[in-house]
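J.: The sequence shown begins at 1 in my numbering and counts up by one.
These aren't lab readings, by the way, just hints derived from the structure by calculation.
Here a beta-carbon is modelled for each residue, glycine too, at the ideal position from N, C-alpha and C.
Take these hints with a grain of salt, some might be off.
Claimed, not checked - No farther apart than 27 Å at their CA atoms in a straight line, the calculated lysine-lysine pairs in the DSS-like style are these:
| id | residue 1 | residue 2 |
| --- | --- | --- |
| 1 | 363 | 344 |
| 2 | 210 | 410 |
| 3 | 493 | 544 |
| 4 | 786 | 671 |
| 5 | 468 | 193 |
| 6 | 285 | 210 |
| 7 | 764 | 786 |
| 8 | 193 | 285 |
| 9 | 86 | 60 |
| 10 | 671 | 175 |
| 11 | 410 | 363 |
What the hints assert, rightly or not - Label-pair restraints from in silico Cβ distances:
| id | residue 1 | residue 2 | range |
| --- | --- | --- | --- |
| 12 | 362 | 194 | 21 to 31 Å |
| 13 | 196 | 410 | 43 to 53 Å |
| 14 | 236 | 517 | 53 to 63 Å |
| 15 | 363 | 244 | 32 to 42 Å |
| 16 | 295 | 546 | 42 to 52 Å |
| 17 | 182 | 516 | 15 to 25 Å |
| 18 | 458 | 196 | 45 to 55 Å |
| 19 | 825 | 779 | 30 to 40 Å |
| 20 | 363 | 427 | 38 to 48 Å |
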Amino acid sequence: MNAVETAIGRRINQAEAAGIEERVRSTMRRLASREPERWRTMPLAERMAEASRVIADDLKHAAEVRELRAALQIEAHARHLPDIEKAGAQGFDVLQRKLLKADSYVRGVARQYWTQALDVLDHATRQTTGSLAARGVRWIAGLEDAGNVAAFVREVFGTTSGDAGAKAAAGAWVKMVDAMRERFNRAGGDVRKLAYGYLPQPHDVQALVKAGIDRWVNDVRQVVDRSRYTDEAGRTLNDTELAAVLEQAWRDITTDGLANRPLGEYRAPGMLANANSQARVLHFKDGDGYLSYMQAYGAGTVYDAMQGHVRSMSRNIALVEEFGPNPGATFRTLHDAAQLGGGKDRVALLATTQQLWDTLLGKFDAVHNPSAARIGQALRSLQVAGKLGAAVLGSISDMHWLMQTMAFHKLPWWQGPMRVVQAFGSETRAYADRAGLMADSMISDMGRWGENNLGRDWPDMAANATMKASLLTAWTDGVRRAFSISMMGGMAKISRTAWDALHSADRSRLEGLGWTRDEWAALQRVPLERWRQTDMLTPAAVMKAEGIEPAMRDRLISRLLGTIDDESKFASPDPNLKVRVLQSGGHEKGTGLGELHRSVMLFKGFSLSILLRHWDRVLNADLTPAQRMTYATSNLLAATLLGGISLQLADLAAGRDPRDMTGDQGDSPEKLARFWGAALTKGGGLGFLGDMLLTGMGSHGQSGASAAVGGIAGPLVGSAFELVYDVGLNNAMEAAQGKDSHAAAEAFRWVRGHTPGVNLWYLKLAIDQSFANQVQEFLSPGYLAKTQARMQRNYGSTWWWAPEDRGLLTGDMAGPERAPSFASVAGGQP
């Protein structure tokens with residue numbers, strides 16, 4: 001006690017004295033684990049003295065951290081609270097905008113650090129082992145190469161693997177992790193540096209519980225580094241003592257720390273700045289030990305764990321920088337202030353700012369019941385794999401959203417199509433990757449059509465493969481890459497203008513993206529980068545700038561990347577924070593309501609993204625009335641026109657001639673309205689409702705009732721209803737009435753509609769004509785004629801390759817009778 005008081009220059013208080021003995025003991029164990037041989041040879045008095053000096057340093061450090069946190073928290077309140085108070089009844093609207101800015105900043109932080117670890121991404125996914133077929137399957141399914149990952153893990157743990165790529169990847173990872181740790185600590189965190197290479201340890205709690213405490217302890221005891229488990233004297237713990245430590249770890253993991261708290265004790269939300277400050281318990285002896293543990297008890301793959309760490313740390317860094325070391329306290333203060341202003345907390349359809357905040361924290365990504373979550377995810381993934389094989393044909397509307405977003409930012413919008421073509425070039429791809437523009441694509445961000453962060457079960461792999469094989473992923477990346485590079489050029493140009501000299505609309509847009517006067521002033525000191533005769537504002541340029549403090553440099557890079565990321569998801573619509581709230585419904589994964597809600601919202605992300613991005617911009621952006629009208633009108637007209645083109649492409653891919661766009665050259669207003677109504681719903685992201693509303697039938701031949709249920713309740717519920725009603729009940733009723741039923745053919749159609757791969761837009765027609773049509777006709781004679789009659793009745797369709805009852809099964813397959821006829825587009829005959 002005296003040694004500690006002497007070191008810190010004051011008397012310790014009662015609370016400090018109460019815990020000083022345990023602090024001494026734990027500190028001695030920590031010092032002993034670092035240098036056990038030296039520690040064991042030291043006299044007890046020297047060990048006590050050294051431990052006391054370390055404790056004194058720790059107390060000083062803790063006091064400094066508390067002082068820093070207090071100052072940062074006060075500054076955060078002073079930065080945000082006046083805006084809410086000035087807004088009065090619109091306080092919740094202001095708070096919503098602050099949360100949207102923070103969400104963009106979180107993504108910018110994540111992109112910044114993934115860009116620093118491109119070697120990790122490349123090495124983990126480069127396919128170099130196994131057969132050619134196996135490598136191809138792993139690539140298209142988005143799986144990492146096991147051999148590469150093992151070499152990478154060994155290098156992180158300090159074991160030479162002989163793989164130069166693994167060594168570079170490990171170095172990039174360790175450097176990135178340490179940079180994130182230091183940045184978090186600058187913002188009020190207190191994360192110590194691990195003595196060896198860091199890799200996250202996500203535990204599969206169900207696997208731990210299933211194994212039981214005894215088996216888990218025995219398994220872990222074989223793979224941990226025993227030298228790191230010592231007592232105060234530096235003696236390595238024996239089997240019994242180590243088992244006691246590991247047993248406590250098992251209880252902590254399986255109860256989320258509940259085992260250490262008295263029953264009924266209230267657990268208040270902790271300060272976010274304390275995240276990751278707890279000492280690690282499991283220290284593996286080498287990379288193979290880590291891999292062995294992950295194989296048996298890890299949640300997901302090594303690559304999943306790395307993604308999770310970057311995602312979590314990026315969120316923590318962004319939130320403590322934006323809202324202070326205790327972001328939760330800041331949000332509660334701002335929320336209370338908004339309530340005092342008299343406004344209502346309804347900011348995005350049915351969403352509240354509390355739900356926005358919880359989503360920003362990742363609360364609804366938590367898994368309540370892993371088994372239920374896995375089943376729900378698998379069922380949704382099968383819907384993605386079976387039904388989105390032709391989704392890329394509907395994505396042509398992205399071209400309008402790209403040009404609209406470019407025009408909004410005063411970029412040369414007419415260059416949009418050319419930029420997209422250039423975006424697929426190797427030089428452009430490499431430049432965008434170096435700038436960090438496509439890091440989210442490299443970690444398989446698939447939130448647009450399916451669900452963020454698809455898992456690793458086979459349905460998830462099938463969904464990932466479908467997205468790649470259909471070329472939807474490539475198209476979406478190309479559009480976002482084209483916009484992002486254009487936006488870097490636009491930011492370079494505007495960054496040369498002082499904050500006060502900016503046009504009010506430009507300054508309003510920048511403020512809406514989170515930029516501040518101080519950040520803009522620092523940005524003006526950044527030398528621009530030249531690429532293809534165009535000035536570019538890139539993260540690399542920010543890194544080269546002189547006279548900018550490290551904290552500000554990080555903020556500029558994250559803000560720049562977050563700005564470009566957010567706007568690129570206007571160019572190719574993707575869910576923002578508000579949409580993600582609606583997708584989760586405010587429920588955790590693995591709960592009944594959570595899984596049901598996610599299933600209902602599946603495939604609606606694109607439509608909601610258009611609504612809550614572009615139409616929200618029409619209503620709330622700093623635009624003149626004329627600009628607002630132009631924005632809205634062009635949205636409607638362009639979405640309708642491009643939706644019409646999407647319909648024609650879908651018809652061509654199905655073997656039909658393009659539809660009549662003129663309504664029998666104006667003679668049939670009903671047909672004219674039917675086509676352009678379907679085009680509007682298709683281009684506006686509501687194609688799943690278009691056919692049902694206009695013809696009473698679904699786009700895949702299901703009944704109007706099934707299409708309606710699927711459109712409203714989601715494809716999973718719709719598929720179940722279709723199976724019960726269309727295939728079962730409806731056919732049973734027809735049979736009872738003496739009508740021809742087609743139960744077998746419709747059952748076959750239902751099965752193939754949910755089979756991964758067979759509905760890819762460039763394969764479906766060939767599969768149909770090769771054998772699927774024959775099977776359907778065999779199961780239900782007359783089914784093909786009924787299908788053709790329905791298409792003729794609803795759309796006036798003609799066929800350039802009509803469905804036929806012949807193919808490979810009978811050995812008499814024939815090709816198409818003629819080429820597609822485009823005369824039908826203007827009401828002519830083929």
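J.: For each hint, tell me whether it holds in the structure or not.
T.: Cross-check of the supplied hints:
For the suggested pair residue 363 and residue 344, the alpha carbons sit about 23 Å apart, so the restraint of at most 27 Å is met. With a CA separation close to 59 Å, the supplied pair residue 210 and residue 410 exceeds the 27 Å bound. Between residue 493 and residue 544 the alpha-carbon distance is near 18 Å, which keeps this suggested pair within the 27 Å criterion. For the suggested pair residue 786 and residue 671, the alpha carbons sit about 21 Å apart, so the restraint of at most 27 Å is met.
For the hint linking residue 468 to residue 193, the alpha-carbon distance of about 39 Å lies beyond 27 Å, and the restraint is violated. Between residue 285 and residue 210, the direct Cα distance comes to roughly 25 Å. Compliance with the 27 Å bound is thereby established for this hinted pair. Distance check on the hinted pair: residue 764 and residue 786 sit about 19 Å apart at the alpha-carbon level, within 27 Å; holds. A threshold of 27 Å between alpha carbons decides the hint, and for residue 193 with residue 285 the separation of about 18 Å falls inside it, so the pair holds.
Distance hint between residue 86 and residue 60 is unfulfilled; the C-alpha atoms sit about 40 Å from each other, more than 27 Å. With a C-alpha separation of about 63 Å, the suggested pair residue 671 and residue 175 falls outside the 27 Å cut-off, and the hint is violated. For the suggested pair residue 410 and residue 363, the alpha carbons sit about 37 Å apart, so the restraint of at most 27 Å is broken. A C-beta distance of roughly 23 Å is found between residue 362 and residue 194, which places it inside the suggested range of 21 to 31 Å.
The supplied range of 43 to 53 Å is met by residue 196 and residue 410, whose beta-carbon atoms lie about 51 Å from each other. Judged by the Cβ atoms, the range 53 to 63 Å given for residue 236 and residue 517 holds: they are separated by roughly 58 Å. Checked against the hint of 32 to 42 Å, the pair residue 363 and residue 244 passes, with Cβ atoms roughly 34 Å apart. In this structure, residue 295 and residue 546 meet the distance hint of 42 to 52 Å, their C-beta atoms being roughly 48 Å apart.
The beta-carbon spacing between residue 182 and residue 516, approximately 23 Å, falls within the hinted interval of 15 to 25 Å. The hinted window of 45 to 55 Å between residue 458 and residue 196 is violated, with their beta carbons roughly 35 Å apart. Distance hint check: the CB atoms of residue 825 and residue 779 are about 35 Å apart, consistent with the given range 30 to 40 Å. Between residue 363 and residue 427 the beta carbon distance is about 42 Å. The supplied range of 38 to 48 Å therefore holds.
Hints 2, 5, 9, 10, 11 and 18 from the earlier list are contradicted by this structure; the remaining hints agree with it.
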